[in-house]
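With the sequence shown counted from 1, adding 764 to any position gets you my numbering.
Please note that a few of the clues may not be correct.
To be verified - Below, computed lysine-lysine pairings styled on DSS-like, alpha-carbon distance capped at 25 Å:
(1) K960 <-> K980
(2) K980 <-> K946
(3) K821 <-> K863
(4) K863 <-> K809
(5) K809 <-> K1022
(6) K863 <-> K796
(7) K1006 <-> K883
Unchecked claim - Cβ pair distances, simulated, as ranges:
(8) C943 <-> N823: 32 to 40 Å
(9) K928 <-> R785: 18 to 26 Å
(10) Q835 <-> Y953: 17 to 25 Å
(11) E880 <-> G972: 34 to 42 Å
(12) T872 <-> P790: 29 to 37 Å
(13) Q835 <-> G1027: 24 to 32 Å
(14) K1022 <-> W968: 44 to 52 Å
(15) D851 <-> P1014: 18 to 26 Å
(16) P790 <-> S965: 40 to 48 Å
(17) G972 <-> N857: 51 to 59 Å
Hints are computed from structural coordinates only; laboratory data are not their basis. C-beta atoms are modelled at their ideal positions from N, C-alpha and C, and glycine is treated no differently.
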Amino acid sequence: MVTREKTCPYISGSIVEFGIRMVSIPEYYEGKNVLLTGATGFLGKVLLEKLLRSCPKVNSVYVLVRQKAGQTPQERVEEVISGKLFDRLRDENPDFREKIIAINSELTQPKLALSEEDKEIIIDSTNIIFHCAATVRFNENLRDAVQLNVIATRQLILLAQQMKNLEVFMHVSTAYAYCNRKHIDEVVYPPPVDPKKLIDSLEWMDDGLVNDITPKLIGDRPNTYIYTKALAEYVVQQEGAKLNVVIVRPSIVGASWKEPFPGWIDNFNGPSGLFIATFNIDVRQLHWAEYIENYCMGTKKYVLNEEMSGLPAARKHLNNWLPLCQYLIRAHHHHMELILAHPYKSLWNQLLIHRFGQPTNIQKAMENICSLYTQYDMEELDYNDNKHNSAFFHYHHLQQSLRMLLEKSVKMIKTDHESSGNPGSDCNL
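Make a model of the complete structure from these sequences and hints.
Quick look at the structure:
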């Protein structure tokens, strides 16, 4: 016999079964205080709007936001809630702003850079935590990725342990955290390294050493984002063992389906960019070699327009790209009729960016670009099909043209440096 009634959120209605009273989600959130990280990000914005619109009796939502670009946390939150995403909420509940409490916090700083007053309010009041904040850059420097995805998560867990009325800690992970496994269960798998030991090691390593060991550390995971999200899950499991923890693993997050209105999105990442491109341009006419040139030119512009001493340490290696970028700009009028886009592949610019953006010397860059176009020949093409034979012909010329272009760039750079009396450049030729 059940002697104490329990409550559990349910999709709608209110029923009692086996002594457990199932309440609707809006009813569950009535009078509750929610702590939200990542409220200025894509997923955080959607969650904030949905929570305030569908659960109008929620007491308050504390959003941890840092100062950025001269804007206070309050100004940044106001900018978010003034957007089109919140139009429906403004119509249905004009007073929703009163429930949002912006708290100045920097997740990458010790103790989340919370003031004692704000910390006390959070500890005394919070009932539910949604941890959505993360760096989602696939090519993020390992130190920075660990700082935000792992250390910040651990600090938030430690703060949650002090909360007097906390009911649940909701951690947003990714469906690809264990993409290196053929079969994935709803469990947290032990990481290859102890997160605490990794954090301690990163404190004394310089940036060069961190960059050198990153490929060995991430192993068969494709990037630092996925690697650190897996570490974060383990931290949540271990450090939050005494908390009611939920780990959510969304896959690719696209535009809204129905709410607050169909098709809302605030970025062109992932499939959204492809869909938009499909309706605005003929993607079959994209010339990938020109895309690479544009990427190089963008890199050059970034380096030349920034004071190198003020750049993040992880990006200072961009200076080594200057000679290659300079040549590619001069060669942009080069005869490139043979460089044709592959007609049977969709947009894979993420591969280009992340494969092409890592090298710190020109020779490595040349090898990586050329290998990129040979890697998929045998894997993707059916040589018994005439159309695919034609595609392979295009690929062959693309590969050869790129190789010639980059080899010429290396020769020209060598000549330039020799003529300037500076053969020992920092370009690692």
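Right, here's what the structure says about each hint:
1. Taking the CA atoms of K960 and K980, the gap is near 18 Å; set against the 25 Å cutoff, the hint holds.
2. Using a Cα cut-off of 25 Å, the hinted pair K980 and K946 holds, with the two alpha carbons roughly 21 Å apart.
3. Of the supplied pair hints, the one linking K821 and K863 holds, its CA atoms being roughly 10 Å apart against a limit of 25 Å.
4. Taken as a hint, the K863 and K809 pair is honoured in the structure, with Cα atoms around 15 Å apart against an allowance of 25 Å.
5. Under the criterion of a C-alpha separation no larger than 25 Å, the hint pairing K809 with K1022 is consistent with the structure, at around 16 Å.
6. Proposed proximity of K863 and K796 is supported: the alpha carbons are some 11 Å apart, at most 25 Å.
7. A threshold of 25 Å between alpha carbons decides the hint, and for K1006 with K883 the separation of about 21 Å falls inside it, so the pair holds.
8. For the hinted restraint 32 to 40 Å between C943 and N823, the CB-CB distance of approximately 39 Å keeps it satisfied.
9. In this structure, K928 and R785 meet the distance hint of 18 to 26 Å, their C-beta atoms being roughly 24 Å apart.
10. In this structure the hint that Q835 and Y953 lie 17 to 25 Å apart at CB is violated, the actual value being about 40 Å.
11. Taking the beta carbon of each, E880 and G972 are about 38 Å apart, inside 34 to 42 Å as hinted.
12. Checked against the hint of 29 to 37 Å, the pair T872 and P790 passes, with Cβ atoms roughly 35 Å apart.
13. Hint check: Q835 to G1027, Cβ distance near 28 Å, so the stated range 24 to 32 Å holds.
14. Distance hint for K1022 and W968: a CB-CB separation of about 51 Å, consistent with the stated range 44 to 52 Å.
15. Our hint of 18 to 26 Å for D851 and P1014 holds, since their Cβ atoms are close to 24 Å apart.
16. For the pair P790 and S965, the beta carbons lie near 46 Å from each other, so the given range of 40 to 48 Å is met.
17. Between G972 and N857 the Cβ separation comes to about 53 Å, which falls inside the hinted range of 51 to 59 Å.
Going through the hint list in order, the structure does not satisfy hint 10, though it satisfies all others.
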